[in-house]
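If you're matching them up, the sequences are chains R and U in order.
The numbering of the first sequence is my numbering, which starts it at 17 and goes up by one.
The numbering of the second sequence is my numbering, which starts it at 17 and goes up by one.
Heads up, none of these hints are tricks.
No copy labels: a pair is met if it fits in one copy or bridges any two.
EDC-like mimics (lysine to aspartate or glutamate), calculated; alpha carbons at most 20 Å apart, straight line:
1. Lys36 to Asp77
2. Lys191 to Glu310
3. Lys191 to Glu305
4. Lys18 to Asp335
5. Lys75 to Asp115
6. Lys29 to Asp55
7. Lys261 to Glu210
No wet-lab data here; the hints were simulated from the structure.
Residues per chain are reported as follows:
Number of protein chains: 2
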Amino acid sequence: MKIILALDFGGTKLAAGTVKVGSREWLRYERRLSPANADAISDIDIMRSLIDSVLDGSKPDAIGVSFGGPVDAATGIVRLSHHVPGWENIPLKQLLEEDYHAPTSVDNDANVAAFGEHRFGAGQGYDSLFYITISTGVGGGWILNNQSWSGASGMAGEIGHIVVDPSGPICLCGKRGCVERFASGPYIAQNARELLEKETQDSPINNRGEILRYLVGNDLNLVTGQVVSAAAGAGDELAQEVMYKAAWALGVGIGNVANLMNPQRFILGGGVTKAGETFWSVVRKVARETALPEVNFEIVRALLGDDAPLWGAVALGLDVVC
Amino acid sequence: MKIILALDFGGTKLAAGTVKVGSREWLRYERRLSPANADAISDIDIMRSLIDSVLDGSKPDAIGVSFGGPVDAATGIVRLSHHVPGWENIPLKQLLEEDYHAPTSVDNDANVAAFGEHRFGAGQGYDSLFYITISTGVGGGWILNNQSWSGASGMAGEIGHIVVDPSGPICLCGKRGCVERFASGPYIAQNARELLEKETQDSPINNRGEILRYLVGNDLNLVTGQVVSAAAGAGDELAQEVMYKAAWALGVGIGNVANLMNPQRFILGGGVTKAGETFWSVVRKVARETALPEVNFEIVRALLGDDAPLWGAVALGLDVVC
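If we strip away everything but chain R, and leave its shape as in the complex, we get (with noise of 0.2 Å):
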């Protein structure tokens, strides 16, 4: 019985888990927060433990690993991350292979999330889908001629930083107006809290925001992007303003890839995308209206939730052993 190692290194959270070749059920799973301080080192350090957890004394016969932060796949080297100091340059293919004496594989989180919902999800029988996560950050990953495709070094996907509207509002990217600009979690609370700060000074009188006021207790540091789809759902129409905006962007940026790339589907995944029907047909019309009439793809919610990425490091030690 060969088994597999998957691991998840997220932003801010740790998992690991092992299956049997073959099987579509973790064997053991366990998943850990990262400390508010956490580096390289101790992330190395609980998932570790989280190893030595699920490995329960076995041996894995093949680690596929996910992380949150551009690697180098080819090498295994990650990098940096972007949420945890320290990992710059770290060798992590080797240094598993090392300890745990198993052929290993690495690659960016998007990247593997997208061969997880291709393998198990939302994309099995599909042999080319694009994979797209809405939460703290928009990103991306690409599965064609049923293969990943992650870039010359390892940056496709960015489907976040493809500029929608060149007179728009400055993303922290430097550029104006690109998709995660309007539709990430963190921006979607941030135009939210502007237009409710910008139309109490214009117009007090006005009722537009009253369910998101009320919704976070009128202190507007508690906007988030999940309250402000609360609120449209609601009914409130500065709330749903605010979400047409990060529907249109996503539309708009789903419409023009469909053009450029004509894969078969459009899988989407992260918080933003729990947002509720009228959401989903805005980003669905948009998509419709900007490709070329001929041009055609299904926009499907992705089915693996935030298992995506460890289920995608299945697969990737699945490639490695069979």
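Starting from the known structure of chain R, arrange chain U on it as the hints suggest.
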């Protein structure tokens, strides 16, 4: 000695050539303009006479075909031509295989030209590239992992219909602000004509556009992309503004594509790219600003010119026979 027969069904011209396997020179080569009232049958008739001439009694070992319009590459069935009527659902691969008794491979001209530049031109030694042709339209073809990627239904590469300015002018596809709406030859001409008409009304003593007017003897119907480009080179500010906007749109499109797919090279061909160094430097600067800092790429000139599709057809034929 094995012989490859290469065919190019362009929108306005037809070409055929033969090469020996291993050679990079044409054995024979013929090109003819399509008549004004051409249809699929007349184009096929003309092509047959070109084929007879270049084969000169010999038998081809494989046939590669570039077709100017959407093709189902798997079956070799043409969907349609946007320029020549009667091509709907013509089984071109089957027709040629029956007539010339040689295995045949057919694909869309942008994909085939990308393949040509990859094998024989500016893409030699690069395993990922996007070839863009900027002339009557703006389209492209992908090489990823040294293979052509033409999309789930053969529609990949439509960078011309990526939206770069949602409040821009309306494109023939119905959307606003597509790359093609700013950067194709006919739209460059139209944009210049419209500016000339508008500025003359608004401020008749303005001397912007004077060189452009001079070049066409004040007959605005004679304005073409090429003339606008020449006027810009000669210092005409109105023409420079139009060319800047074309280069800007192309640069935004390329930067977006770099973020999404991270290819090593962008290879640019087509009449508009003859616009001179100012045009190229704007394209490069805007693309660099649009792409994330970690995303590296080069933007280079196509090397094969109008023969890119025919050399790509040679490459298709070589893949069939070798």
